[in-house]
Amino acid sequence: MAEEELQKTLMNSIPSINPEDISVGSESEVRTEELLINMGPQHPSTHGVLRVVLRTDGELVLEATPHIGYLHRCAEKIGEHVTPRQWIPYTDRMDYLAGMNMNLGWALTVEKLLGLQVSEKARHLRVLIVELGRIASHLVAAGTYGLDLGSFTPFVYCFREREKILNLFEAVCGARLTYSYITIGGLMADLPPGWLDQCEAFLDEFEPVVDDLHALLSVNHIFVKRTAGVGVLSPELAIAYGCTGPVLRGSGVDWDLRRDGDPFYTKMYQDYQFEVAVVRDGRYPQPSPAVPLEAVRGDCWHRFFVRMVEVVQSMRLVRQAIEKYRRADGDIGQPIKLNQKLPAGEVYLETECPKGQMGFMIVSLGDAIPWRVRARSSSFCNLSVLPELCRGCLVADVPAIVGSLDIVLGEVDR
Amino acid sequence: MVRLLSDWLTLTPKYEWVAYVAVGLFQAAILLALVMTAVAVATWAERKIAGRIQDRLGPTRVGGRFGWLQPVADGLKLLTKEDLIPASADSILFRLAPYLSFAPVFAVFLALPFSEGWVAHRLNTAAFFILAVLGLEVFGIILGGYASGSKWALLGAMREAAQVVSYEVPLAFSAMLPVVLAGTLDLVAIGEAQKGWFWNWFVFHDPFTFIAFWIYVTCAVAGTNRAPFDLAEAESELVAGFHTEYSGFRWSVFYMGEYAAMAAVSGLGVVLFLGGWNGPIPLADWLGLTPEAGAIAGFVGQLVGSINFVLKCIIGVVFMISLRWTLPRPRIDQVMSMCWKYCFPLVTIAFLGATLWTLFLPDGLLNWGHPKAATREASVVACFAEGQAP
Numbered sequence: 001m002a003e004e005e006l007q008k009t010l011m012n013s014i015p016s017i018n019p020e021d022i023s024v025g026s027e028s029e030v031r032t033e034e035l036l037i038n039m040g041p042q043h044p045s046t047h048g049v050l051r052v053v054l055r056t057d058g059e060l061v062l063e064a065t066p067h068i069g070y071l072h073r074c075a076e077k078i079g080e081h082v083t084p085r086q087w088i089p090y091t092d093r094m095d096y097l098a099g100m101n102m103n104l105g106w107a108l109t110v111e112k113l114l115g116l117q118v119s120e121k122a123r124h125l126r127v128l129i130v131e132l133g134r135i136a137s138h139l140v141a142a143g144t145y146g147l148d149l150g151s152f153t154p155f156v157y158c159f160r161e162r163e164k165i166l167n168l169f170e171a172v173c174g175a176r177l178t179y180s181y182i183t184i185g186g187l188m189a190d191l192p193p194g195w196l197d198q199c200e201a202f203l204d205e206f207e208p209v210v211d212d213l214h215a216l217l218s219v220n221h222i223f224v225k226r227t228a229g230v231g232v233l234s235p236e237l238a239i240a241y242g243c244t245g246p247v248l249r250g251s252g253v254d255w256d257l258r259r260d261g262d263p264f265y266t267k268m269y270q271d272y273q274f275e276v277a278v279v280r281d282g283r284y285p286q287p288s289p290a291v292p293l294e295a296v297r298g299d300c301w302h303r304f305f306v307r308m309v310e311v312v313q314s315m316r317l318v319r320q321a322i323e324k325y326r327r328a329d330g331d332i333g334q335p336i337k338l339n340q341k342l343p344a345g346e347v348y349l350e351t352e353c354p355k356g357q358m359g360f361m362i363v364s365l366g367d368a369i370p371w372r373v374r375a376r377s378s379s380f381c382n383l384s385v386l387p388e389l390c391r392g393c394l395v396a397d398v399p400a401i402v403g404s405l406d407i408v409l410g411e412v413d414r
Numbered sequence: 001m002v003r004l005l006s007d008w009l010t011l012t013p014k015y016e017w018v019a020y021v022a023v024g025l026f027q028a029a030i031l032l033a034l035v036m037t038a039v040a041v042a043t044w045a046e047r048k049i050a051g052r053i054q055d056r057l058g059p060t061r062v063g064g065r066f067g068w069l070q071p072v073a074d075g076l077k078l079l080t081k082e083d084l085i086p087a088s089a090d091s092i093l094f095r096l097a098p099y100l101s102f103a104p105v106f107a108v109f110l111a112l113p114f115s116e117g118w119v120a121h122r123l124n125t126a127a128f129f130i131l132a133v134l135g136l137e138v139f140g141i142i143l144g145g146y147a148s149g150s151k152w153a154l155l156g157a158m159r160e161a162a163q164v165v166s167y168e169v170p171l172a173f174s175a176m177l178p179v180v181l182a183g184t185l186d187l188v189a190i191g192e193a194q195k196g197w198f199w200n201w202f203v204f205h206d207p208f209t210f211i212a213f214w215i216y217v218t219c220a221v222a223g224t225n226r227a228p229f230d231l232a233e234a235e236s237e238l239v240a241g242f243h244t245e246y247s248g249f250r251w252s253v254f255y256m257g258e259y260a261a262m263a264a265v266s267g268l269g270v271v272l273f274l275g276g277w278n279g280p281i282p283l284a285d286w287l288g289l290t291p292e293a294g295a296i297a298g299f300v301g302q303l304v305g306s307i308n309f310v311l312k313c314i315i316g317v318v319f320m321i322s323l324r325w326t327l328p329r330p331r332i333d334q335v336m337s338m339c340w341k342y343c344f345p346l347v348t349i350a351f352l353g354a355t356l357w358t359l360f361l362p363d364g365l366l367n368w369g370h371p372k373a374a375t376r377e378a379s380v381v382a383c384f385a386e387g388q389a390p
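Protein chains in written order, with my numbering: chain A, 1 to 414; chain B, 1 to 390.
Below are the DSBU-like pairs computed for lysine-lysine, each with C-alpha atoms no more than 30 angstroms apart in a straight line: (1) A:K324 / A:K337; (2) A:K77 / A:K112; (3) B:K48 / A:K164; (4) A:K225 / B:K341; (5) A:K267 / A:K324; (6) A:K225 / B:K151.
A few chain B residues facing chain A, derived, Cβ under 7 angstroms: (7) I53; (8) Q54; (9) D55; (10) K151; (11) E237; (12) W325; (13) L327; (14) P328; (15) R329; (16) P330; (17) R331; (18) I332; (19) Q334.
I should point out that these hints are in silico values taken from the structure, not numbers from a laboratory.
All C-beta atoms in this analysis are idealised placements derived from N, C-alpha and C, irrespective of residue type, glycine included.
Chain B on its own, in the form it takes in the complex:
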């Protein structure tokens, strides 16, 4: 794409960076549009599902029958709101915080594969990149709470700091299990490793990954600040927590960050544990929708894959939404002790167990003592004997 553009503009090699910047901006715009669509649909779904759970209808007026234009109306309303900065706030940090909280989540989508070939940027350390970047979101929230100059916001930010930083640890640990199983940090390769029937998905690989999956779910909900772990914005305790003083567009940017993070952790969970773009039945393979079968068949295959992926993400998001409207909120000390006293030891055991499982039972429980396993065992033992990593 860069080449095409630079040829078309007849750029000399010295000015080729112009083409890079232009293409980069173009790709970012596409990605941003995608993320914003996901956010809009998620907010609409949230309101609709919440309505249905609570015997209400949810939005019905804006844009026809199901109120599907509600996110647009909400956005417009927020844009026209007065933009208030409290006198006691640190003005610069206060302005900066919402964007600092949204931008990292947006960056997650850069490395998240939607199907085998549809990924904005294929990184060989994608899993690591996503976990690292997702962890940056907390800075915006802490900054927002600190800069607001309000005691409630400060309490919210302190809770956020304690909670999210703690939950990053078991989250990363549980995300490492599929990495160990697939032997790579590349998310595309991890997705590929789960090809075929649904029992090839890593969640069903062995008991340890199954445990790790549920720990991932818990920590993902806690890490994105979603109820029942929305302690940073606990409206009944801290008024509105870290965004007490925010209004209008800045407030909505925080919310975009939250909903985008929901989609991001669902996407990551789907790739790591739920087979990514592989459907429960290897239908696309039977129909021969592979890149080798030609451009159109390949495109259709990618499309089917990404539809699979998006559907699974939607299930994840809907799960998080229904959780929010069902459960009460635990207390901060309970949330913290759950992380360090239950999630962390459990995921450590699961990590160890899954590692040993891959070592001794690489072909599953039924193929115990398979010659391949024996050779692998021998090679690992030999590696350790030689003082190298296996």
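Chain A extracted, bound-state conformation:
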């Protein structure tokens, strides 16, 4: 999308609300002694080894400072010592909840450098797999968000459904978490026989569960009370901090790389019908429950709800991909050689991962091993707004805000 169009989108969005105005109100006017609390790295709801230092006044959080780096594994540096295909397993250890999507991002980046075009069959299979991966990742996000707000049961329901997706992935590539399935030049293997039927059976089972999750979370009165108007992120602030994915769309910015991204990436979604999960005129793409009156654009509720809507859209995409894959001729093609020489050049490509825009950068001097490899992680940028959102909230809101940003520390630290 061009710059003017983005500006227009911003102008159309409702005026942002100052978080100070909707904080807890006059009951918290009383000041007491300040307390410095260490939240994490071993805290139940920091979603991994995140450490947040809270400066609190009773229950009121005056300042929240995230400290990261507990899961830094030098992934980028390792990438400069192995060939691109050998680096595939390192990518799915970044966002370990959406390994397929990470593999795809890196594979596309290298393919763009090589000028490689995968076969039609491989393209549809990739869409199928990454959209399933998106559903799995959003299920974790929704389930753990319920957990952050003290509701244990939706978590189990979400993981039960995710388990079915993991079973499908296991049948496809043998792994349940770190797949390395999508590689440069195609995919590791074709689907096993009968897999598409299993996948369709899963979609049929899963569809009613989304309504259950809406009933237990999205429209639940306590849930709405806990999330609506909490941690409001204005579109301007979201763009200024480089927030992407559901966090950006939750603020009402109509931006999805699957539609607006690099042509090399968007042509993968050519001929696919889906709606970007963003609120337009107070409504989300149907079918979805109505937005509660308390919800303010850019609050935790919207960030959560965008993911739930995306799950439905991803199911649409998976169904289309199954049809297209069945009709496609040929095979899924061959991956490149393990030590294939790369042309000299520099490519940066961002893809729409479940957590946000995941960008990979590769600089090659003409060897088989790239000279520089960098990753731009969405969780890192999304996490960076945490101090802004947590200023003046209550201690109980901190897990609600961290959960709504849906960060994965493996991706933050790489």
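Chain A is fixed; fit chain B onto it per the hints.
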């Protein structure tokens, strides 16, 4: 019993206290066994029901098919755990806190009637005693949080102090409604007043008691720190709240206190609002199972009554358990404003309404203007005229 024992031991009157102490200990042991059984069954039920709600099986291995020995296994495991006291903790208070939180709940069962004649100690101020003693539980938790020397525990304890002390007020108010209707603080008499068909239960007495019943349910859940009001131990916010630093047996004593409190508030609610030991249909009366009909018939009647009571308590506990596994947790400011802005005014209105209802419609809505009501009205007016309480 004291007499029997002192005769058997041929105690002189000077040493009769020995018999009192012995009998007291014996009765306490029976009561404790009862409470511990209730706690064990409640923990097992919690895990089983949670499992069923969440598409799991819950415990299945220990003790045969349904994992019914799981509480014993849990208890043994906790006993063998390392007993840790943090260096920054106030050691004495830290040790004291769990028992201080469990003992009051245990004392509640002392005055709670299981059936007409089956009550450990019949107090003429039982309702007041139970409410007062139940309020003591919070001290143990505040102490535990304070003595832990951990910031999370301190936050949990502060929440507990604010929440439980606040919810005591509407809880006590809603418990006062049946007291006004029955005209006594004696729980046995309150249970007796609800004899007969289920529409005689106080919850169905008038619209105000119906409202008060649901306020009682809300406040009882909040007062016992059960989810969705488990803010003091909110695991996603405060790690584990007031018992963050507790481990092993001390931790389990806190849990025993929580489960015993669940049973206690259910029991109190059943006696106050749900007819106590009276079944929905006066079956025992039809069959003549009254103490007047002889010792055996009387015993059977008491047994049927206590089974009724226990069944109703189980329904209450199961309700609280399913609530926990369904709802998210509100925020502390929302919990507090719910107490003071909604529960408290509502229960005040209900209290006033029920009082006026008993004054003007003592025999129900259909008997409006009944001569009995008129005389009572006149007598109350006369009392006020003379400057006395009615």
